[in-house]
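*Asks:* Use the sequences and the hints to build the structure in full.
So the sequence lines, in the order shown, correspond to chains A and B.
When we follow my numbering, the leftmost residue of the first sequence carries the number 1204, and every step to the right adds one.
When we follow my numbering, the leftmost residue of the second sequence carries the number 66, and every step to the right adds one.
Check each hint, because a few of them may be wrong.
Cross-link-like lysine-lysine pairs, in silico, DSBU-like; alpha carbons within 30 Å at most [to be verified]:
{"id": "1", "chain 1": "B", "residue 1": "238", "chain 2": "A", "residue 2": "1261"}
{"id": "2", "chain 1": "A", "residue 1": "1240", "chain 2": "B", "residue 2": "284"}
{"id": "3", "chain 1": "A", "residue 1": "1300", "chain 2": "B", "residue 2": "267"}
{"id": "4", "chain 1": "B", "residue 1": "251", "chain 2": "A", "residue 2": "1240"}
{"id": "5", "chain 1": "A", "residue 1": "1240", "chain 2": "A", "residue 2": "1286"}
{"id": "6", "chain 1": "A", "residue 1": "1240", "chain 2": "B", "residue 2": "313"}
{"id": "7", "chain 1": "A", "residue 1": "1286", "chain 2": "B", "residue 2": "284"}
{"id": "8", "chain 1": "B", "residue 1": "284", "chain 2": "B", "residue 2": "256"}
{"id": "9", "chain 1": "B", "residue 1": "267", "chain 2": "B", "residue 2": "238"}
{"id": "10", "chain 1": "A", "residue 1": "1261", "chain 2": "B", "residue 2": "313"}
{"id": "11", "chain 1": "A", "residue 1": "1300", "chain 2": "A", "residue 2": "1261"}
{"id": "12", "chain 1": "A", "residue 1": "1240", "chain 2": "B", "residue 2": "158"}
It should be emphasised that the hints constitute simulated quantities derived from the structure, not laboratory data.
The lines below spell out each chain.
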Amino acid sequence: MVGNVITLTTDNFDETIGAATTPVLVDFWAEWCGPCKQIDPIIREIATEKAGVLTVAKLNVDDHGDIARRFQVMSIPTMIVFKNGEAVDRLVGARGKMALLGDLAKHV
Amino acid sequence: MAAHPHRTVIVIGSGPAGLTAAVYAARAALAPLVIEGEPSSTSDQPGGQLMLTTEVENFPGFPDGVQGPELMQRMRDQAARFGAEFLTEKATKIDFSSHPHRVWVRDDEYTADAVIVSTGARSLMLGLPDEARLIGHGVSTCATCDGFFFRGQEIAVVGGGDSAIEEASFLTKFATKVTIIHRRDKFRASKIMQQRAFDNPKIAVRWNSQVTRLVGTDKLAAIEVTDTQNGTTQTLAVGGLFVAIGHKPNTDLFAGALDMDDTGYLVTQPGSSRTNVAGVFACGDVQDHTYRQAITAAGSGCMAAIDAERWLEHRHATAAK
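*Replies:* See below:
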């Protein structure tokens, strides 16, 4: 199943985060970041498995640097968990699927 | 606990050594299982240390250079083409005390006649207070991942080897000034890399210096640099600090099972990839603290696959008598 990962942009970021009825995991990434590419399939699997309880989104820091700066992202991949529009947790650095699910367990 | 079908060959690790071993073992119809590791932002990850580099200029066959991650993807594809299988997880426990050899991934047990160990080495950190807290907030071990965020800032790189110089050169694309902090009075890096640093007007070098303190609450603001000759300290305002001070072999998994030297590198019999345990072979940086190049790792991976193949044949022939 493809297509359940939302692509965030400067234009839809606040609206998407604000309107979400579940926690939102936002993956800050870029094309030139090796570890970002390695976790991409994991992020997509989690999006499918957690559909309905977790919203998964990606933000390209090259294209939307203003959002990355707003959340002081200084290293990628950084994953930020939003609840009710607020950033509640920040995961810096790539990790395996089990580790990521473990980090997300307290939010979903 | 799940058991899995018995394997002829298991390869642990997936840098140039492990993937070359997998290519050779797969072409020898040994259907290797490669336990390739888990994604991570350190050099201990699938694809190994080259996943964190940019341009590789000294791998034969690529006259125009090749991106590190692309080279690793090609090696992986090449192994997969001949039937290697991949498990994107970390080996968590081993038992080489009896045959078949056993390797666990969490609670799942895998058995194999021969095991090729190619777990490589990972980056050393400075070991300073606040270092762990500031990783991702100005302190980085991956210039290619994080350099972009330091556009227009002054930053520092710690180290004196090829990777330190490569990172410093790369970071001048973003930073206004890069200071290399090195504890000796000359670099270990190759001549061509050194010249590149000396020729770059954005790179400054502080010889005989060590980073002794990190300053910053939410993010790194400055570093304290101590002169190793006279002990004087100076504060350098930098927004980023990139650590490239060397490596440590990933051998914790094999403590007590395989012979290691004083610094934790696996010991292989001269001129071969054989460890002290029959049927266990080691290749790449996990057993090499001298050369540590992608091409030497790949070469030793080839040796390990051939050694394993011959060992398996010999064992089979002996068993048939």
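*Asks:* Take the hints in turn and mark each one as holding or not.
*Replies:* Hint check results:
no. : hint              : in the structure
1   : B/238 <-> A/1261  : holds, 26 Å
2   : A/1240 <-> B/284  : holds, 26 Å
3   : A/1300 <-> B/267  : violated, 40 Å
4   : B/251 <-> A/1240  : violated, 36 Å
5   : A/1240 <-> A/1286 : holds, 25 Å
6   : A/1240 <-> B/313  : holds, 25 Å
7   : A/1286 <-> B/284  : holds, 24 Å
8   : B/284 <-> B/256   : violated, 35 Å
9   : B/267 <-> B/238   : holds, 9 Å
10  : A/1261 <-> B/313  : violated, 34 Å
11  : A/1300 <-> A/1261 : holds, 17 Å
12  : A/1240 <-> B/158  : holds, 27 Å
Consistency note: the structure conflicts with the earlier hints numbered 3, 4, 8, 10.
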